[in-house]
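> Same order as they appear, the protein sequences are chains A and B.
So that you can map any letter, position 174 of the first sequence is 174 in the working numbering, and since no number is skipped, the others follow by simple counting.
With positions in the second sequence counted from 1, the corresponding number in the working numbering is that position plus 1000.
Since the hints were made in silico from the structure, they are not lab data.
These figures come from a predicted structure and were not determined experimentally.
Misleading hints may appear alongside valid ones.
As the list claims (entries may be wrong) - Computed list of lysine-lysine pairs in BS3-like fashion (alpha-carbon distance at most 27 Å, straight line):
id, chain 1, residue 1, chain 2, residue 2
1, B, 1082, A, 126
2, A, 69, A, 97
3, B, 1028, B, 1060
4, A, 48, B, 1096
5, B, 1096, A, 39
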Amino acid sequence: MKTRTSLLLGSLSAALVAFALTSPRVVAADKVDPVADAKAFQNFFFQKFPDVKHEDFVNGPYSMNADLKRQWQEKEEFPPYEFALDAGKEMFSTPFKNGKTYADCFPNGGIGIRQNYPYFDEKDGKVVTLELALNRCREANGEPPYSYVKDEMASLTAYMAFTSRGKPMDIKIPDDPRALEAFENGKRYFYTRRGQLNFSCASCHVQSPGERIRAEILAPALGILNAMPIYRSEWSGMGTTSRRFVTCNSQTRAVPLEPQSDEYRDVEYYLSYVANGLPISGPGARP
Amino acid sequence: MKRSLPLAMLLALCLAPNARAANEADYKAAFAAAEAASKEATGLRNQWTVTVQALTAAKKAADGGDFDRATAAAKEAEALAKASIFQANTEKEAWKAMEIR
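Starting from the given sequences, assemble the full structure and let the hints guide the process.
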C-alpha cells in the first residue's frame, strides 16, 4: 500500500513539474505583445531592404524602385491630390448648419492630429478611425454622413493628413484587454488568406514588396497607411483607407466587408501601430 | 458480335436517365444547396465574388428556361462556397504560419 501511494505521489509531482515547466512557454506564445510585434515587424522590413531609409517606407512603391521614385518626385511638383487638399481645407473650415465646425469635434481643433488615429475608445470598447470620427462629428452636428470610400471623406482626411505631415505615427494601445483583442484581431485579419485567389494582405505586402503584380510594384506593409488618403491613377481619383481595404479584398475575389466594419477598423489599428515612429506622408499619390 | 450490340444498346438505355437534360426541380435542388453553402460563407465573413457571380448566372439561366446551364452554375456556386468555407476554417489557425515574429 505504501509503495502504491509513494508511486502515485511520485507520478503526480512529476506531472506537476512537467506542467510547471511547459506552461509558461504556452502562455508566452499566446500573449498579445504589441511592442514586440511592432519591433519584429519593423525589423523584418529594415533587414529585407537595408538600403531603404526607414522614413522612406511610407512612400510605398517609390521606396522600392528608383525609376518610379524619380517620376513621382517630378509629379509631386503638381501633385494630383492638390484639388482634394484645397476642397478639404475649405470643407473643414465651413461651418455646419448649426454654426459649429469639424474643429469643435477634435483635439487641437483637428490640426496636426492625424498621427493619433485610429485610437481605442475605452467607452465604446472599439477602435475609432479618423474617417469614423469625421462622420460621427457630422452626425452629432445634424449633418448626414459621407461615403467612407472617396470624394468628401477623402478630401477631409487629405487636409487633416497634410497638417500632420512629417509627424511620427503615434498610436496608443491602452491597458485594456479589449484594445489588445482589437490589435490581435487586426493582426489576424492582415495575415488571413481570403478570396478565390487565396491571398492575404501579407501575401503581397510582406512576402512580395518591390515585386511586380502585373504592371504595379507592390508597396511594403510597413508605413502603408501613413500615406492615406491617396490619389490613385488606377482610380482616377482619391480614395480613403476604407477604399484601399475594399479594393484589396475585391482583387483577391473576396466580397469586401462594409467600410468601417470591425475587421477593417482593427486591421487599420494593427497596421498603424506597427508603423509607429514613421512619419505621416499623406495625402499620397500612387500609380 | 450479334449478341453484344443489343446488350450494349440495353446498357446505354439503362444509363440514359443519368444523362438527361436538367429540369426545374434539379435546378431548384442545386440552387438551394448552393444558397445554403453561400449563406454559411457569408456568416463566416468569407464570401467570394465568384460564388455570388455563379449564383447570379444560375438565376439568370433559370429565368430564361435553360435549366441545364442553371443547374451547372448552381453546382459551381456550391463548390465555390464550400471552398470558401474550407478556407475560412483552415485559416483560423493557418494564418499564424505567415506572421512576422
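> Evaluate each hint against the coordinates.
The hints, checked one at a time:
1. Proposed proximity of residue 1082 (chain B) and residue 126 (chain A) is contradicted: the alpha carbons are some 32 Å apart, above 27 Å.
2. Pair hint residue 69 (chain A) plus residue 97 (chain A) does not hold up; C-alpha atoms about 44 Å apart against a cutoff of 27 Å.
3. As the CA atoms of residue 1028 (chain B) and residue 1060 (chain B) are separated by approximately 13 Å, the hinted pair is consistent with the 27 Å bound.
4. Proximity of residue 48 (chain A) to residue 1096 (chain B) is assessed by CA-CA distance (about 20 Å); at most 27 Å being required, the pair is judged to hold.
5. A hinted pair counts as satisfied when its Cα atoms are at most 27 Å apart, and residue 1096 (chain B) with residue 39 (chain A) qualifies at roughly 17 Å.
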